Amino acid sequence: MHDLALQKPGLVGRMFRSLKLPLSDPFAVFGLAVYATFLLTAIFADAIAPYDPTEILYTPEYELASDLRPGEQGFILGTTSLGRDIFSQIVYGTRSALIIGITAAFMVALIGSVVGLVSGYFGGWVDAVLMRLADIAFGIPFLPFVIVLAAFLEPSIWNVVLAMALVLWRDTGRVIRSQVLTLRSRGYVDAARVCGSSDLKIILRHIAPNILPLSFLYGSIAIGWAILTEASISFLGFGDPQSISWGYMLQDAFASQALAKQAYYWFVPPGICIILVVSAGFFITRGYENLLFPKLGR
Amino acid sequence: MSHLKAVASRTLQLALVLWAVVTILFLMFRLMPGNPMAAYIDPTFTVEQQQALMAQFGLDKPLWEQYFIYLGNLLQGELGQSFRYREPVAERIFALLPNTLILTFSSLFVAYAFGILAGAYLAWRRGSAVENAAIPLVLMTRAMPEFWLGMVLLAVFSFWLGWFPAGGTRPAGADYDSLWALYTSRDFLSYLALPALTLAIYSQGLPLLLMRSNMLDVMKEDFVTMARIKGLSNWTVVVRHAARNALLPVMTSFAIAVGYQLQGNVVVESIFSWPGLGRELVNAVSASDYPLAQGAFLMIAVVVILMNLIADMLYALLDPRISHA
Amino acid sequence: MTANLLSVRDLKVSYRVGNGHIDAVDGASFDVPRGSIVGLVGESGCGKTTVARALTRVIADNARITGGQILFDGKDIAAIPERQMNALRWRDIAFIPQSAMNSLDPVYTVEYQLNEVLRRRGGLSAREARMRCESLFEMVGIEKGRLRDYPHQFSGGMRQRVAIALALALNPKLVIADEPVTALDVIVQRQILDQLRELQTMLGISVILVTHDISVVAYICDRTVVMYAGRVAEAGPMAGVLTRPAHPYTMGLRNAFPDLAGAASGTLTPIDGAPPNLAEPPPGCRFAPRCPFSIEVCSTESPPLAEIVPDHRVACHRASEAPVLREIAARTETWLAHA
Numbered sequence: 001m002h003d004l005a006l007q008k009p010g011l012v013g014r015m016f017r018s019l020k021l022p023l024s025d026p027f028a029v030f031g032l033a034v035y036a037t038f039l040l041t042a043i044f045a046d047a048i049a050p051y052d053p054t055e056i057l058y059t060p061e062y063e064l065a066s067d068l069r070p071g072e073q074g075f076i077l078g079t080t081s082l083g084r085d086i087f088s089q090i091v092y093g094t095r096s097a098l099i100i101g102i103t104a105a106f107m108v109a110l111i112g113s114v115v116g117l118v119s120g121y122f123g124g125w126v127d128a129v130l131m132r133l134a135d136i137a138f139g140i141p142f143l144p145f146v147i148v149l150a151a152f153l154e155p156s157i158w159n160v161v162l163a164m165a166l167v168l169w170r171d172t173g174r175v176i177r178s179q180v181l182t183l184r185s186r187g188y189v190d191a192a193r194v195c196g197s198s199d200l201k202i203i204l205r206h207i208a209p210n211i212l213p214l215s216f217l218y219g220s221i222a223i224g225w226a227i228l229t230e231a232s233i234s235f236l237g238f239g240d241p242q243s244i245s246w247g248y249m250l251q252d253a254f255a256s257q258a259l260a261k262q263a264y265y266w267f268v269p270p271g272i273c274i275i276l277v278v279s280a281g282f283f284i285t286r287g288y289e290n291l292l293f294p295k296l297g298r
Numbered sequence: 001m002s003h004l005k006a007v008a009s010r011t012l013q014l015a016l017v018l019w020a021v022v023t024i025l026f027l028m029f030r031l032m033p034g035n036p037m038a039a040y041i042d043p044t045f046t047v048e049q050q051q052a053l054m055a056q057f058g059l060d061k062p063l064w065e066q067y068f069i070y071l072g073n074l075l076q077g078e079l080g081q082s083f084r085y086r087e088p089v090a091e092r093i094f095a096l097l098p099n100t101l102i103l104t105f106s107s108l109f110v111a112y113a114f115g116i117l118a119g120a121y122l123a124w125r126r127g128s129a130v131e132n133a134a135i136p137l138v139l140m141t142r143a144m145p146e147f148w149l150g151m152v153l154l155a156v157f158s159f160w161l162g163w164f165p166a167g168g169t170r171p172a173g174a175d176y177d178s179l180w181a182l183y184t185s186r187d188f189l190s191y192l193a194l195p196a197l198t199l200a201i202y203s204q205g206l207p208l209l210l211m212r213s214n215m216l217d218v219m220k221e222d223f224v225t226m227a228r229i230k231g232l233s234n235w236t237v238v239v240r241h242a243a244r245n246a247l248l249p250v251m252t253s254f255a256i257a258v259g260y261q262l263q264g265n266v267v268v269e270s271i272f273s274w275p276g277l278g279r280e281l282v283n284a285v286s287a288s289d290y291p292l293a294q295g296a297f298l299m300i301a302v303v304v305i306l307m308n309l310i311a312d313m314l315y316a317l318l319d320p321r322i323s324h325a
Numbered sequence: 001m002t003a004n005l006l007s008v009r010d011l012k013v014s015y016r017v018g019n020g021h022i023d024a025v026d027g028a029s030f031d032v033p034r035g036s037i038v039g040l041v042g043e044s045g046c047g048k049t050t051v052a053r054a055l056t057r058v059i060a061d062n063a064r065i066t067g068g069q070i071l072f073d074g075k076d077i078a079a080i081p082e083r084q085m086n087a088l089r090w091r092d093i094a095f096i097p098q099s100a101m102n103s104l105d106p107v108y109t110v111e112y113q114l115n116e117v118l119r120r121r122g123g124l125s126a127r128e129a130r131m132r133c134e135s136l137f138e139m140v141g142i143e144k145g146r147l148r149d150y151p152h153q154f155s156g157g158m159r160q161r162v163a164i165a166l167a168l169a170l171n172p173k174l175v176i177a178d179e180p181v182t183a184l185d186v187i188v189q190r191q192i193l194d195q196l197r198e199l200q201t202m203l204g205i206s207v208i209l210v211t212h213d214i215s216v217v218a219y220i221c222d223r224t225v226v227m228y229a230g231r232v233a234e235a236g237p238m239a240g241v242l243t244r245p246a247h248p249y250t251m252g253l254r255n256a257f258p259d260l261a262g263a264a265s266g267t268l269t270p271i272d273g274a275p276p277n278l279a280e281p282p283p284g285c286r287f288a289p290r291c292p293f294s295i296e297v298c299s300t301e302s303p304p305l306a307e308i309v310p311d312h313r314v315a316c317h318r319a320s321e322a323p324v325l326r327e328i329a330a331r332t333e334t335w336l337a338h339a
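Top line first, the protein sequences correspond to chains A, B and C.
Each residue of the first sequence is one higher than the one before, starting from 1 at the first, in full-length UniProt numbering.
Each residue of the second sequence is one higher than the one before, starting from 1 at the first, in full-length UniProt numbering.
Each residue of the third sequence is one higher than the one before, starting from 1 at the first, in full-length UniProt numbering.
No lab work stands behind these hints, which were simulated from the structure alone.
Be aware that a few hints might be false.
Covered, in the sense of this in silico footprint (three residues per stretch, anywhere, with C-beta under 8 Å from a C-beta of chain B), are these stretches of chain A [to be verified]:
#: 1; segment: 109–120
#: 2; segment: 128–141
#: 3; segment: 229–238
#: 4; segment: 281–288
Just so it is clear, the structure is predicted and the values come from calculations on it, not from any experiment.
Cβ coordinates follow ideal geometry from the N, Cα and C atoms, glycine included.
All chains should be modelled from the sequences, with the hints used to inform the complete structure.
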């Protein structure tokens, strides 16, 4: 037990270092800070949100607390037409956004990396088959695919994750594959093989560590994609009505005439939150690119 | 000659992709939970209508036979009957396609014109305060949900300022002699403005960032330095040599962007009640009008795949290193 | 009219790097007489390409001419306004780049690129430009049918001929050729150099030929300027400098290259070590750390460029002992022992 506890930070530290977080780029640091803020908000949502996001609220005069402006009756961002607290919805929306974003990104990065690794490392017919599959995935219009999938399956936030896992591995897969091909062309893989290392060992010891930053880079783009997709799907009414997400809030606002009522406090904050999380991913990506491909310059 | 061969093999490859997508679509609509018959037969049809459709799509036959009937029907442009509209899906889809294409192309032309100029400008002003502020801003526009941008524009320009109508393609009750008369009317343009602007703001980021980074690369090329040593004017150096070369991949990306844009249209068309393919897909799925949903999906997929092919050919056409190999 | 078309006096070019700067050219002086080919020779990083580019005043963004004069036809072109300088470019001073592949724009035909200078810079009409294109191609020995081809459709040697045609388009007085044959194989190198020589004689122009290859200088040049670490080590008539080198660096260079004409000249001995880091140049003679003949004064005092025989200048403290040093330098052990 003791040994494990001692070893653990070392391992985590090594993993952390091999991610090569771009801490010298101010925008990337901003992006990481945004991630951290939203992550904390999601974890402590129960403590931060003053109300249950689905609860219909009343004023002390026992009237429905509907369409209140920010600050009125102590509601920070006002209330919806059905008398729900907008601020609490934003806070809880962080949760579903991050759950979807992170799981989808993980799936995309994982599948893409495995496909890219296998394809690039083994080549031949394995490569040919996997790359034709990628071509097919590129031929599928993504958002329409998610809509049709969501229509057939039970409404759930996992539909977006499933659709992304089925289709969006294509970009990551291709990039990782070409990276693996470059790595292979540097002699040390052949050297390792001559020395009798097994394929699995070569992949894990020599190739995987070198593509980890790239996987992470594509993962952070995928987080943004997942959140945007979930928002679109919820907005179109194919989302899970049980879970409060930013996309659901926007759909609610749009359907409740918030535009005509000029209720900016209702539909602007969720949009800003989406922009912040998604662009945070972009900024981190950009920091990474400067780090990984310094010749591109700024 | 080898170039012609490359185009032929690429065409064949994309034909295979299209076949694969068609097959996936078939399986999705047949094997998904629920009654597979529902994909073609509206329960409110009369018994005779139901039986006619059963025969036409071979719904009483085994799956593999249904698949070949489905492929055969597709080849003849037969996509079934819409439940809601009681008319052939193909007709309905081809009637909506122009609306979608007009929206897509007008917004992309604006986006590319702006993006190319702004990208070249930012490359020229590399390292300046303008560039340092602009790049994060552009990245932010890429991070916006398109429909949210549409909502904000609607709230401001339509509901508050009242400059533009809130949705549709024409004033209520307005009638036009022909589609051409509609598309060239002033009203149509005012209806087109907001959805096209929404899509354009979202799309300008791609050509802008691409143009900028290409320009930065090309400006370091020897032939640009040589153009300066030749004493050519700054304009000639930057526009005729640097920009002309940097433009190549940007032009190619236009075709790819058309494909992506069609997918984004799904939400923006819904916001602005724009009668196009995307909105039709959403409505058809919501109303369980499966033949129509399938048809709209297929049409979008065909355009996406076709645009990938056009992108390849455009690149070959514009780059003499490939076209004059 | 002066005898020298170009006189470079004490030229200094420095690059801004981070917070500091590097004097890539630190007081170079040499002359280019009218109607001659001058070889500017030295190892990579010695500043020869920087000098060549400084003559056109199209230099890297972080580079600046910080001192000295460039007297072209009696006028100091280092000091004239950019507008006047630009008027001279290509009309009076043309350039043949190292790699014609990268220096021709890939998206235009060769004819377009010739026309561009002929019409925009030379003020020729469309008709005149077309005729000039044809005669230029004839001059460099390419059939005129290939005018409509794109750069990538030519072979390496052909592209270099195109670059020569381009340089001669406006009848310049001076052509600067920066490593014009480096990327080519030896047989093609000779063809291109022969052609360059022939055209230079025919047109009576002056050529500065920048090269790291002393055998190229021996093959074609009238005069040679040997540069080391941003300074001129030795300069004079080609035959004099190469047969009776007075600077140990020139002696070493001569041992390090095969003869372009193909005659075997014994074993090749490279000079050990590398040129100094110009961010912190050594005091005194910059070649001293690599020089087998260096004495105490060499590492403290910088030798001036002085005339040892008429028209032959050298910057070496032991220039007077040159005949003896040449004998010793001819032996391979000299350079090995030092290492």
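Quick rundown of the hints versus the structure:
no. : hint    : result
1   : 109–120 : violated (count 0)
2   : 128–141 : holds (count 7)
3   : 229–238 : holds (count 6)
4   : 281–288 : holds (count 4)
Hint check: a violation occurs at hint 1 only; the rest are consistent with the structure.
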